[in-house]
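**Student:** Okay, here's what each chain looks like letter by letter:
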Amino acid sequence: MTWYLAAYAAFWAVLFGYLLGVSSRQQKLVERAEQLTRRLAEGAGPAEQGPVEGAGEGER
Amino acid sequence: MSWWPRSWRQFWSTLDGRTYHLMLSARPWIGWLAVGSMAVVFGLVFWWVPLEAVQGYPQKIFYIHVPSAWVMYAAFAVVFASSILYLWKRTALWDIFARCAAEVGFLFTTLALVTGMLWGKPIWGTFWAWDARLTSTLILWFIYGGYLLLRAFARPDADVARLAAVVGIIGFLDVPIIHLSVLWWRTLHPEPVVMILDDPGGGLPASMLITLLASLLAVSLVFAWLWIQRVWQERTAENLALLEILLERRERGAR
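Chains A and B, in that order, are what the protein sequence lines are. Heads up: the first sequence is residues 19 to 78, going by the numbering used here. Heads up: the second sequence is residues 136 to 390, going by the numbering used here.
Worth flagging that the hints you see were computed from the coordinates, not collected in a lab. This one's a predicted model, so the numbers in the text were calculated from it and none came from an experiment. There could be a bad hint or two in this list.
Examples of chain B residues toward chain A, derived with CB under 10 angstroms [as the list claims (entries may be wrong)]:
| no. | residue |
| --- | --- |
| 1 | 165 |
| 2 | 168 |
| 3 | 172 |
| 4 | 195 |
| 5 | 252 |
| 6 | 292 |
| 7 | 385 |
Quick list of the computed label-pair ranges, beta carbon to beta carbon [unchecked claim]:
| no. | chain 1 | residue 1 | chain 2 | residue 2 | range |
| --- | --- | --- | --- | --- | --- |
| 8 | B | 152 | A | 20 | 24 to 32 angstroms |
| 9 | A | 56 | B | 182 | 50 to 58 angstroms |
| 10 | B | 285 | A | 56 | 30 to 38 angstroms |
| 11 | A | 20 | B | 225 | 45 to 53 angstroms |
| 12 | A | 52 | B | 318 | 52 to 60 angstroms |
| 13 | B | 190 | A | 46 | 40 to 48 angstroms |
Using N, Cα and C, we set each Cβ at its ideal position, and we do this for glycine too.
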């Protein structure tokens with residue numbers, strides 16, 4: 019029983035560890051996209067402003 | 136017929152774009168299906184499937200160990216096919232497909248090795264034996280570990296992508312060796328038990344087979360979701376890097 023529970027615990031621990039890594043990369047990407055969107059908006063006139071392609075897409 | 140591609144180059148780039156957009160639109164569905172099917176699998180494993188008479192509880196590790204190994208095969212098949220397509224067409228998307236499949240495949244190889252070791256201890260009396268299947272799986276783990284180190288530390292340019300594609304293709308040759316090792320050599324691993332074609336009454340009992348197939352589906356969906364998510368992240372990171380270069384140029388021009 020111990021080995022069976024240990025195997026399932028290890029399976030979930032490794033999978034969640036990886037998911038946390040994916041989620042943290044996602045967070046960094048969103049922050050970078052927001053920062054670039056701000057820079058784009060600062061340098062552009064009103065007619066040039068628009069959303070950054072791909073930014074926030076992962077939130078869907 | 137304006138939608139019809141006018142050249143092979145246009146055909147492939149249309150196909151690349153469509154494949155990518157199809158993957159993105161399927162991503163939320165795959166994610167929810169993965170969560171739902173994983174919940175069903177754990178219900179089946181913990182409460183429904185009967186205990187195996189000889190091994191008892193440790194045999195239940197089978198329902199995560201075998202699907203992890205199956206996804207490992209599938210992931211490296213994606214690396215193999217994407218690497219060939221990258222070498223043929225030289226479009227960045229195929230390189231991203233290969234890179235992300237290698238990363239998720241490496242994760243599932245680790246899971247197959249770890250769950251296998253935790254199953255081996257109570258049944259074989261040891262975590263590790265230099266058995267043909269274990270050794271060839273460990274070699275695969277090192278091959279794709281090397282592939283990922285190459286991608287992580289080398290400058291991301293076309294030469295590195297080409298070299299990685301060659302490693303991805305050659306590395307895949309280990310997959311059929313792993314699969315057939317139980318037939319080619321005497322190993323601690325049993326010969327195929329899931330379906331025995333020349334013995335219709337042989338193989339797994341129905342309840343175990345249903346649980347295994349449900350688990351194969353659930354773990355495959357988890358793989359598909361993780362792979363698509365990583366492809367999206369890599370593609371977006373490349374787009375953002377390009378945008379940053381354009382912004383820097385514009386800001387330099389404005390000064």
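**Student:** The structure should be examined with respect to each hint, and the outcome stated for every one.
**Tutor:** Status of the hints after comparison with the structure:
For residue 165 of chain B, the interface hint is violated, since its Cβ never comes within 10 angstroms of a Cβ in chain A; the closest pair sits about 13 angstroms apart. Look at residue 168 of chain B: its Cβ only gets to about 16 angstroms from chain A, farther than 10 angstroms, so that hint breaks. For residue 172 of chain B, the shortest C-beta to C-beta distance to chain A is roughly 14 angstroms, which exceeds 10 angstroms, and the interface hint is violated. At its closest, the beta carbon of residue 195 of chain B sits 5 angstroms from a beta carbon of chain A; the interface hint therefore holds under the 10 angstroms criterion.
Below 10 angstroms, beta-carbon pairs count as interface contacts, and residue 252 of chain B has one with chain A at about 9 angstroms; its hint therefore holds. The closest approach between the C-beta of residue 292 of chain B and any C-beta of chain A is roughly 21 angstroms, which is over the 10 angstroms cut-off, so the hint fails. The interface hint given for residue 385 of chain B is met, as the beta carbon of that residue sits about 6 angstroms from the closest beta carbon of chain A, less than 10 angstroms. Between residue 152 of chain B and residue 20 of chain A the C-beta distance comes to about 51 angstroms, which lies outside the given range of 24 to 32 angstroms.
A beta carbon spacing of about 52 angstroms between residue 56 of chain A and residue 182 of chain B agrees with the range 50 to 58 angstroms that was offered as a hint. Between residue 285 of chain B and residue 56 of chain A the beta carbons are some 35 angstroms apart, a value that agrees with the proposed interval 30 to 38 angstroms. Take residue 20 of chain A and residue 225 of chain B: their Cβ atoms lie about 52 angstroms apart, and the range 45 to 53 angstroms holds. A beta carbon spacing of about 55 angstroms between residue 52 of chain A and residue 318 of chain B agrees with the range 52 to 60 angstroms that was offered as a hint.
The hinted window of 40 to 48 angstroms between residue 190 of chain B and residue 46 of chain A holds, with their beta carbons roughly 45 angstroms apart.
Checked against the numbered hints above, the structure breaks hints 1, 2, 3, 6, 8 and satisfies the rest.
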